[in-house]
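Numbered continuously in the numbering used here, the sequence shown closes out at residue 194.
If you're looking for bench data, these hints aren't it; they were derived computationally from the structure. Worth double-checking, as some hints may not be accurate.
Stated by the list, open to error - Heads up, simulated SDA-like pairs for lysine to any residue below, C-alpha to C-alpha not over 25 Å straight-line:
| id | residue 1 | residue 2 |
| --- | --- | --- |
| 1 | Lys-160 | Leu-128 |
| 2 | Lys-33 | Met-170 |
| 3 | Lys-49 | Ile-132 |
| 4 | Lys-98 | Leu-5 |
| 5 | Lys-33 | Leu-161 |
| 6 | Lys-184 | Thr-168 |
| 7 | Lys-31 | Leu-5 |
| 8 | Lys-184 | Thr-130 |
| 9 | Lys-31 | Phe-96 |
| 10 | Lys-98 | Phe-166 |
| 11 | Lys-33 | Leu-5 |
| 12 | Lys-98 | Ile-114 |
| 13 | Lys-49 | Ser-15 |
| 14 | Lys-160 | Lys-33 |
| 15 | Lys-135 | Trp-50 |
| 16 | Lys-2 | Ala-75 |
| 17 | Lys-49 | Val-82 |
| 18 | Lys-135 | Ile-179 |
| 19 | Lys-33 | Leu-188 |
| 20 | Lys-2 | Phe-78 |
| 21 | Lys-160 | Lys-49 |
| 22 | Lys-2 | Leu-95 |
| 23 | Lys-31 | Lys-98 |
| 24 | Lys-135 | Lys-184 |
| 25 | Lys-49 | Val-190 |
| 26 | Lys-98 | Ile-8 |
| 27 | Lys-160 | Lys-135 |
| 28 | Lys-160 | Leu-97 |
| 29 | Lys-184 | Gln-32 |
| 30 | Lys-98 | Val-143 |
| 31 | Lys-49 | Leu-188 |
| 32 | Lys-49 | Leu-129 |
| 33 | Lys-49 | Val-143 |
| 34 | Lys-31 | Lys-2 |
| 35 | Lys-135 | Gly-185 |
| 36 | Lys-2 | Leu-161 |
| 37 | Lys-33 | Leu-182 |
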Amino acid sequence: MKIILLLIAAFIIGSVPTGLLIAGSRGIDLKQKGSGNIGATNVLRTAGKWPAFFTLCGDILKGAAAVLLARHFEAGVFYEGVIGICSMLGHNFSLFLKFRGGKGVAASLGVLSIYSPFTALITVILWLLTVITTKYSSLGALVSFGFLPISMILFDTGEKLPVALFMTLMMFIMHRENISRLLKGTELRVGKKV
Numbered sequence: 001m002k003i004i005l006l007l008i009a010a011f012i013i014g015s016v017p018t019g020l021l022i023a024g025s026r027g028i029d030l031k032q033k034g035s036g037n038i039g040a041t042n043v044l045r046t047a048g049k050w051p052a053f054f055t056l057c058g059d060i061l062k063g064a065a066a067v068l069l070a071r072h073f074e075a076g077v078f079y080e081g082v083i084g085i086c087s088m089l090g091h092n093f094s095l096f097l098k099f100r101g102g103k104g105v106a107a108s109l110g111v112l113s114i115y116s117p118f119t120a121l122i123t124v125i126l127w128l129l130t131v132i133t134t135k136y137s138s139l140g141a142l143v144s145f146g147f148l149p150i151s152m153i154l155f156d157t158g159e160k161l162p163v164a165l166f167m168t169l170m171m172f173i174m175h176r177e178n179i180s181r182l183l184k185g186t187e188l189r190v191g192k193k194v
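Work the whole structure out from these sequences, hints included.
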């Protein structure tokens, strides 16, 4: 029962549409602007740097809070990861947005920041390097989370590998349209105003 309640709580926490609320406070409907996504990258394009920064922090906190909650109630290593994933799924399929949402990059980083801090650091570094060199946030997510299972094997325990594999799978599923646009050369670059 404890685990079930934690899973539900994590999904609700993840469902809070941070970007939509922050952009909405400036009169911007993210679902109708830019890529239509509710994450920090689209907030940057449509509302500017500070709203994007606060969106990023809020989404990271959602993932981190879920794992910290699981740890507080001593759910165990495996369930900490599963509960963290529920937060990510809440972000991607929000209760408050008719089960639509974001791509889960920042929420996943929040989960990793508590669940596996060193692999989180590696993931952030790979994301930053990719984005700096290509100006594509989506490609940064695909490269950094594509490497996540390998970094989890190298720098953490095998017990956490299923969580890493699921995150990687979800990242590619949620970015399938971005992958198509990257292949066509029509993907929007970071910071490009719309």
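Next pair to validate is Lys-33 with Leu-5; report whether the Cα-Cα distance is within 25 Å. 36 Å, violated
Has the given pair, Lys-98 with Val-143, been kept, meaning a C-alpha gap of at most 25 Å? Distance of about 29 Å is beyond 25 Å: violated.
Would you mind confirming whether the straight-line C-alpha gap from Lys-160 to Lys-33 stays at or under 25 Å? 37 Å, violated
Distance restraint between Lys-2 and Leu-95, which requires alpha-carbon spacing of 25 Å or less: Holds. Lys-2 to Leu-95 sits at ~21 Å (cutoff 25 Å).
So if I understand the rule, the pair passes when the alpha-carbon distance is 25 Å or less; does Lys-160 with Leu-97 pass? Judged against 25 Å, a Cα distance of about 30 Å means the pair is violated.
Take a quick look at whether Lys-184 and Thr-168 sit within 25 Å of each other, Cα to Cα. With Cα atoms ~23 Å apart, Lys-184 and Thr-168 stay inside 25 Å; holds.
Within a Cα-Cα threshold of 25 Å, do Lys-33 and Leu-161 meet the stated pairing? 37 Å, violated
Hint consistency between Lys-49 and Val-143 [alpha-carbon to alpha-carbon, up to 25 Å]: Holds - the C-alpha atoms of Val-143 and Lys-49 are around 24 Å apart, at most 25 Å.
Would you mind confirming whether the straight-line C-alpha gap from Lys-160 to Lys-135 stays at or under 25 Å? It is violated: about 31 Å lies between the C-alpha atoms, which goes past 25 Å.
Regarding the pair Lys-184 and Gln-32, is the alpha-carbon distance no greater than 25 Å? 23 Å, holds
Would you check the hint for Lys-98 and Leu-5, treating anything up to 25 Å between C-alpha atoms as holding? 21 Å, holds
Does the alpha-carbon distance linking Lys-160 and Leu-128 stay inside the 25 Å limit? Holds, at about 24 Å.
Hints 5, 7, 11, 12, 14, 17, 21, 27, 28, 30, 34 from the earlier list are contradicted by this structure; the remaining hints agree with it.
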